[in-house]
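*Asks:* Given the coordinates of chain A, assemble chain B onto it according to the supplied hints.
These protein sequence lines map, in sequence, to chains A and B.
Our numbering applies: residue 1 is where the first sequence begins, and numbers increase by one.
Our numbering applies: residue 1 is where the second sequence begins, and numbers increase by one.
A portion of the hints provided could be inaccurate.
No distinction is drawn between identical chains; accordingly, a pair holds when it is met within one copy or between any pair of copies.
Straight-line distance between alpha carbons at most 20 angstroms, and here's what the computed SDA-like set of lysine to any residue pairs gives [stated by the list, open to error]:
1. 122 with 201
2. 448 with 325
3. 381 with 403
4. 448 with 326
Because the hints were derived from the structure by calculation, they are not lab data.
In this text the structure is predicted, and so the values were computed from the model without any measurement.
2 protein chains.
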Amino acid sequence: MPERLVVIGGDAAGMSAATNARRQLGPDRLEILAFERGNFTSYSACGIPYFVGDVIGDDVDRLIARTPEEFQDRSDIEVRIGHEVTEIDLEGRTVRVRNLATGAETREAFDQLILATGAVPKRPQLPGSDAHGIYGIQVLDDGIAVRDVLAKEEPQHAVIVGGGYIGLEMAEAFKLRGLQVSLVDMHEEPMATLDADMGELITDGLRDLGIDVYLNEAVTSFDTDRGKVSEVVTEHRSLRADIVVLGLGTQPNRELADMAGIPVGPSGGVMVDRRMRTKIEGVWAAGDCTEKYHRVSRRAVAFALGTHANKEGRIAGINIGGGYATFPGVVGTAATKVCGVEVARTGLKESEATEAGFEHLSVIVESTTRAGYYPGASPIKIKLVVEKRSGKLLGAQIVGREEAAKRIDALATALWNEMTVDEMLNLDLSYAPPYSPVWDPILIAARKAWSRVQETLSEC
Amino acid sequence: MPERLVVIGGDAAGMSAATNARRQLGPDRLEILAFERGNFTSYSACGIPYFVGDVIGDDVDRLIARTPEEFQDRSDIEVRIGHEVTEIDLEGRTVRVRNLATGAETREAFDQLILATGAVPKRPQLPGSDAHGIYGIQVLDDGIAVRDVLAKEEPQHAVIVGGGYIGLEMAEAFKLRGLQVSLVDMHEEPMATLDADMGELITDGLRDLGIDVYLNEAVTSFDTDRGKVSEVVTEHRSLRADIVVLGLGTQPNRELADMAGIPVGPSGGVMVDRRMRTKIEGVWAAGDCTEKYHRVSRRAVAFALGTHANKEGRIAGINIGGGYATFPGVVGTAATKVCGVEVARTGLKESEATEAGFEHLSVIVESTTRAGYYPGASPIKIKLVVEKRSGKLLGAQIVGREEAAKRIDALATALWNEMTVDEMLNLDLSYAPPYSPVWDPILIAARKAWSRVQETLSEC
Chain A
1 MPERLVVIGG
11 DAAGMSAATN
21 ARRQLGPDRL
31 EILAFERGNF
41 TSYSACGIPY
51 FVGDVIGDDV
61 DRLIARTPEE
71 FQDRSDIEVR
81 IGHEVTEIDL
91 EGRTVRVRNL
101 ATGAETREAF
111 DQLILATGAV
121 PKRPQLPGSD
131 AHGIYGIQVL
141 DDGIAVRDVL
151 AKEEPQHAVI
161 VGGGYIGLEM
171 AEAFKLRGLQ
181 VSLVDMHEEP
191 MATLDADMGE
201 LITDGLRDLG
211 IDVYLNEAVT
221 SFDTDRGKVS
231 EVVTEHRSLR
241 ADIVVLGLGT
251 QPNRELADMA
261 GIPVGPSGGV
271 MVDRRMRTKI
281 EGVWAAGDCT
291 EKYHRVSRRA
301 VAFALGTHAN
311 KEGRIAGINI
321 GGGYATFPGV
331 VGTAATKVCG
341 VEVARTGLKE
351 SEATEAGFEH
361 LSVIVESTTR
371 AGYYPGASPI
381 KIKLVVEKRS
391 GKLLGAQIVG
401 REEAAKRIDA
411 LATALWNEMT
421 VDEMLNLDLS
431 YAPPYSPVWD
441 PILIAARKAW
451 SRVQETLSEC
Chain B
1 MPERLVVIGG
11 DAAGMSAATN
21 ARRQLGPDRL
31 EILAFERGNF
41 TSYSACGIPY
51 FVGDVIGDDV
61 DRLIARTPEE
71 FQDRSDIEVR
81 IGHEVTEIDL
91 EGRTVRVRNL
101 ATGAETREAF
111 DQLILATGAV
121 PKRPQLPGSD
131 AHGIYGIQVL
141 DDGIAVRDVL
151 AKEEPQHAVI
161 VGGGYIGLEM
171 AEAFKLRGLQ
181 VSLVDMHEEP
191 MATLDADMGE
201 LITDGLRDLG
211 IDVYLNEAVT
221 SFDTDRGKVS
231 EVVTEHRSLR
241 ADIVVLGLGT
251 QPNRELADMA
261 GIPVGPSGGV
271 MVDRRMRTKI
281 EGVWAAGDCT
291 EKYHRVSRRA
301 VAFALGTHAN
311 KEGRIAGINI
321 GGGYATFPGV
331 VGTAATKVCG
341 VEVARTGLKE
351 SEATEAGFEH
361 LSVIVESTTR
371 AGYYPGASPI
381 KIKLVVEKRS
391 GKLLGAQIVG
401 REEAAKRIDA
411 LATALWNEMT
421 VDEMLNLDLS
431 YAPPYSPVWD
441 PILIAARKAW
451 SRVQETLSEC
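Bound-form chain A, shown alone (with noise of 0.2 angstroms):
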């Protein structure tokens, strides 16, 4: 008899393990059965923004990579969506299950668990904030919902509370869907995964496209209006709000987990080692709700995104399977597009670099991305930030217009490999005038930042 997968959570993480468990063992070794609460599998939640502004059009299938009836055919994967796991009873071997339709519950036994329970929208406790029409947008039923209310309320204000990834990326979609939309955040600029004197350029390229942005302010409560929210109210004002959505960033969701005594990090995610496996004999976790190593600050971190979700998953499922595979940590990297500004980061902002326990400087440098005299030249803005003596890369910030954020990748691969600014400085990047000054940009800022050590090495 083949042994038996229960996976829980439909999406990147916990579809990416099935499958790459099928690869490695065949249906007469393993049976797999994948239980996913919302209504599809492996979707892609960060396209949801542009779903919703109608970026990419009103057909939501582009955002499926895999359907249920696809990795039965394909993968022999039994997937049951719109059924919830409730519960995980370790000594018994079962999940219990209800499906979400029916109301009716059953137990399933397991051999083998992944945990790929995701994130969960960080909710303020405030008064009205549980109120109907504030949305956190996290798994594609969400966007569903959001979009239907663009459709059938028409309403004509949005708030967004926290100038996060996802708040932004929302503050534009309903921009673009004809919305007067307004963004509260607390902090100094938006997008607080950047140091603020980077973050400028985003608040400018949000104001430009129309959006009201109210910063170093703080969400006090939602009114409601029949247990629907009508006004978002500030330290120092009162918006009015059809639609609210929460850019207020993810945690793991480790309800599951904590109800099962599965043990769950400092950070709020599952604790799981280098193979995916958690504390507990036979139960897996990948993707969101899982902790992951930073390479740089050496801590765990919680961070939802795809992409790490994608290898974990893999990587669960080569072990599940019998194989060996690990998954070597993050080093914190991210990008987004918001209003026509590229965003990305890597490492340690200057904050985290000093929590960490980093004597680090900084230094920003501007450029274009392509020769000056080259058409369509565009500016771009760099930050490093470097542990002073050793002069030891430990993040990078790039802002810019075009074609600047996916540079951040030669910074993240330097990072990886635990490069000083000295090193980086001589780097045989690409040079070509449709793509870079003579002097790369990123090479600007490591012979900036290199000065700067030495200037500070002959200080002591």
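*Replies:* Okay, now just chain B, sitting in the frame of chain A:
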């Protein structure tokens, strides 16, 4: 009395050396005198095709970073343009200099000397190859000459001999100026710095633009009419030619070094150590005239590229000025954009890997530059060349349409750090729908290469 530094060659390498030496030592300690046989200093040779093609307008000054007057005023560096150094007397520590306008010759003493004589286009030894109307494109004066010919002689038919970077860029430039353009290349595909299986898309791009491309075809002679080229004769045909550009690559300009007995390596470039010292005390060299250490093949190579020239010039200048800096070598990164096709490479192509003694395998993947559903997703093709058994990256090539080429920098950085494809496949590269699919094309390529490495190992 200050020491005197004489600089031979007033472009990137020579003038970077001069300004960096000046930054270390004030005028009371160092006198700097530079000779440039052309009419310009510190210009972008890589920008010449865009100047000829009118992509950047007709103002040649846009290609010039700094004029002789600016060097004098800002850095106290005397530059004599139109002055050619014709001999180096190492014994007497002088150079002989000819004023090209007057023919007058002088001798100038030096304490330190830097050779920055650049490269010269390779010219085939064929009947007629010295005829008028056949241009190599290396210095800004070449670009001005060709632009003048276009304006005054109104040539109709241009033939490009050799599909190297400059050949392809000039083919496009002539086409943009309305000429009928033919390209003859003896290789299977143009751009022989790529493997042939990556060059196809370039040929398509050239043909889409209406350029006639003749491949696997050698030029045998040049017919002339009253001393001026009239036809390019190949193995299979004769092509009418009012103007011919050579795109056969370049070789280090070693003439002065040879005459003076300054050692030149097997690559044809002046031998330098990591501080840019030649074998002769007090004589330095930098830029296209020198050989460079290739970090992957571990051999000396001659590459003519502005980015190396600037870096080497900087390092030479710091050392000349009494500081300490070293050049760590190159990994062979290069990029261009031609006829709407973006091309980039780093490391070794297959034949180079074989030649360097590596047992290797290669993979090619096709993906997109953005998430498939995101507007503007454009095809990108990535090839990786990988050492068998170790899985170490040896080289990478990228061909695409938009936002493709600059991604080579992450691969160049991985190569620089001697990463294996197994390590690379979990690299924390940026992901967001406007920038890549959730599995970045580089990661897909690394994953595929790692599978191939594992298969190969299991066959052993």
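*Asks:* With reference to the structure, classify each hint as holding or not holding.
*Replies:* Against the structure, the hints come out as follows:
In the homo-oligomer, the alpha carbons of residue 122 and residue 201 never lie at most 20 angstroms apart, since the shortest distance is 26 angstroms inside one protomer and 47 angstroms across protomers. When the C-alpha separation of residue 448 and residue 325 is checked against a cutoff of 20 angstroms, the pair qualifies only between copies, where the shortest distance is 15 angstroms, while the shortest distance within a copy is 39 angstroms. Both within a single protomer and between protomers do residue 381 and residue 403 lie at most 20 angstroms apart by alpha-carbon distance, with minima of 12 angstroms and 18 angstroms respectively. With identical chains, the CA atoms of residue 448 and residue 326 are at most 20 angstroms apart between copies only, with a shortest distance of 17 angstroms across copies and 36 angstroms within one.
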